[in-house]
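Protein sequence lines, in the order shown, are assigned to chains A and B. With the first sequence counted from 1, adding 9 to any position gets you our numbering. With the second sequence counted from 1, adding 322 to any position gets you our numbering.
Quick caveat, the hints were computed from the structure, so don't treat them as lab data. Heads up, a few of these hints could be off.
As the list claims (entries may be wrong) - One side only, chain B facing chain A, incomplete, derived with CB under 7 Å:
| id | residue |
| --- | --- |
| 1 | 377 |
| 2 | 380 |
| 3 | 403 |
| 4 | 404 |
| 5 | 410 |
| 6 | 411 |
| 7 | 414 |
| 8 | 415 |
| 9 | 439 |
| 10 | 442 |
| 11 | 443 |
| 12 | 444 |
| 13 | 445 |
Stated by the list, open to error - Within a straight-line C-alpha distance of at most 25 Å, the following computed PhoX-like cross-link-like pairs (lysine-lysine) qualify:
| id | chain 1 | residue 1 | chain 2 | residue 2 |
| --- | --- | --- | --- | --- |
| 14 | B | 445 | A | 293 |
| 15 | B | 377 | B | 445 |
| 16 | A | 215 | B | 418 |
| 17 | A | 195 | A | 143 |
| 18 | B | 449 | A | 160 |
| 19 | A | 160 | B | 445 |
| 20 | B | 445 | A | 195 |
| 21 | A | 195 | B | 416 |
Because the structure is a prediction, the values reported are computed rather than measured. For every residue, glycine included, the Cβ atom is placed at its ideal position computed from N, Cα and C.
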Amino acid sequence: MANKNQDVIDQKLQDLNNDGIDRRGFLKCMAWAGTGLVWTMSGGIPVSHAFARGMGKHAGKSADFSFVQISDSHMGFNKPANPDVAATLKAAVDKINGLATPPEFLLHTGDISHLSRADEFDNVDQILRSARAKDVFFVPGEHDVLDDNGKSYLERYGKNASPSGWYSFDHKGVHFIGLVNVLNLKAGGLGSLGGEQLEWMEKDVKHLKHSTPIVVFAHIPLWAAYPQWGWGTEDSAQALSYVKRFGSVTVLNGHIHQTMQKVEGRVTFHSAMSTAFPQPQPGKADSPGPMKVPAEQLRSVLGITDVNYVRGRHSLAVVDSTLA
Amino acid sequence: MRRQIKWCGRLATIQMVAMFLLLAGSQSLGASDQASTGQPTGQATGQPAGKAEVKIDNFSFGPETLTVSVGTTVIWTNRDDIPHTVVSTEGVFKSKVRDTDETFSYTFSKAGTYPYYCSVHPKMTGKIVVQ
């Protein structure tokens with residue numbers, strides 16, 4: 010995987026505090042993501058373990074709960090990069106149902122549909138009904154809000170959200186914040202949260218204790234993954250300023266159809282694979298469009314993200330696994 | 323994560339050329355020739371208004387700046403595997419989402435500069451200059 014990712018990783022080493030953790034070892038392990046990597050967060054400090062070696066001393070206690078992130082199912086897409094996105098979404102559900110620790114819910118980080126069509130949303134909803142985890146929390150991708158500014162998406166998925174689709178909830182001591190950064194995008198710009206949402210988020214976290222683990226999820230990366238391809242959110246720094254006081258912040262996104270990680274202080278960013286088709290690594294192609302790989306390799310570049318939380322340690326363990 | 327990149331865009335290019343020929347064939351010869359170069363069209367009085375084409379390929383509008391004469395109909399065609407839109411920055415025109423090979427057209431009846439972008443991928447911007 011990529012020298013590019015390694016470059017990013019090495020560059021980030023300089024940003025980190027000296028707290029006795031073997032950051033270089035940790036971050037190098039991060040490059041394993043996609044082929045199987047576990048990492049945990051203890052008191053906001055990430056510690057890594059290569060998947061194959063298990064979780065060592067940090068694996069002593071079983072998780073209080075786990076959830077699974079899926080992303081970019083693009084139902085309705087039928088081009089050569091994946092002519093059957095329903096089959097790969099079903100494979101993702103099978104993978105989820107086979108996990109040793111059953112997830113208590115799913116997060117879908119957007120691009121549920123390819124063209125915002127009702128039949129596409131219906132199809133995803135039907136496939137996800139066969140997941141053992143019954144609750145699914147969504148945030149929209151740009152493909153889910155085409156033409157109608159998100160009206161049909163909000164009618165279907167926005168019942169417990171603010172009128173514009175963002176929301177938060179608590180689960181067993183962890184505070185989850187679902188953000189919308191795909192609406193009202195400006196010419197030449199990136200993803201956008203907007204003033205109203207930022208104001209809401211500031212209030213939303215104000216009453217929380219510093220020790221509350223925070224999970225923020227949105228479709229477009231909330232960090233500058235690759236702004237040249239629009240892989241970033243212009244006002245994300247403002248949003249992150251509201252959560253940087255917390256000991257453990259995990260930011261999950263989709264949109265870029267590949268795993269990518271960044272650690273900035275106590276904030277860890279993690280981008281999930283798609284269940285539909287891969288996209289090229291930043292700058293490695295003329296555009297971020299769907300990438301065709303040989304059919305037999307497709308499922309090795311699609312996947313799910315399993316996240317485990319252990320109370321008392323404030324730890325989240327994240328495992329990316331492919332559909333292969 | 324080793325990947326073999328193989329752009330489906332190339333297949334689309336073949337379709338694109340075929341479609342363009344089809345499109346060009348349906349127009350009057352003079353207008354279509356001019357349209358293909360993106361030069362001002364329909365200059366002679368009484369001649370049918372010209373057409374000009376913008377291709378959406380690899381997440382970009384080509385040509386990025388297109389100069390046409392008043393009365394020209396500009397046709398955008400999406401050659402990508404991903405849907406795009408064509409939206410005037412100043413609210414003059416706005417397409418519905420255009421999936422692969424779908425088109426959007428707008429006739430420019432007034433001189434001026436018309437910046438536009440794809441509202442789905444706002445990094446994609448272009449400009450029509452009408453003179």
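Restraint status (C-alpha distance of residue 449 of chain B to residue 160 of chain A at most 25 Å): violated, 29 Å
Residue 445 of chain B paired with residue 293 of chain A [C-alpha distance capped at 25 Å]: Distance of about 18 Å is within 25 Å: holds.
25 Å limit on alpha-carbon distance, applied to hinted pair residue 160 of chain A and residue 445 of chain B: Holds, at about 24 Å.
Hint status (Cβ of residue 444 of chain B to nearest Cβ of chain A, threshold 7 Å): holds, 4 Å
Given hint residue 410 of chain B near chain A, where the shortest CB pair must fall under 7 Å: With a closest approach of 9 Å, the residue 410 of chain B hint is violated.
Proposed proximity, residue 445 of chain B with residue 377 of chain B (alpha carbon, max 25 Å): Holds. Residue 377 of chain B to residue 445 of chain B sits at ~16 Å (cutoff 25 Å).
Interface hint for residue 377 of chain B, Cβ within 7 Å of any Cβ on chain A: violated, 13 Å
Restraint outcome when residue 414 of chain B is required to lie within 7 Å of chain A by C-beta distance: With a minimum Cβ separation of about 13 Å from chain A (threshold 7 Å), the hint on residue 414 of chain B is violated.
Status of the hint placing residue 415 of chain B at chain A (closest C-beta pair under 7 Å): violated, 13 Å
Interface restraint verdict for residue 411 of chain B against chain A (beta-carbon cut-off 7 Å): holds, 5 Å
Per-residue hint verdict: residue 439 of chain B, partner chain A, C-beta under 7 Å: Since the shortest Cβ distance to chain A is 4 Å, the answer is holds.
Agreement of residue 445 of chain B and residue 195 of chain A with the hint, judged by alpha carbon distance not exceeding 25 Å: holds, 9 Å
Checked against the numbered hints given earlier, this structure breaks hints 1, 5, 7, 8, 16, 17 and 18; the rest are met.
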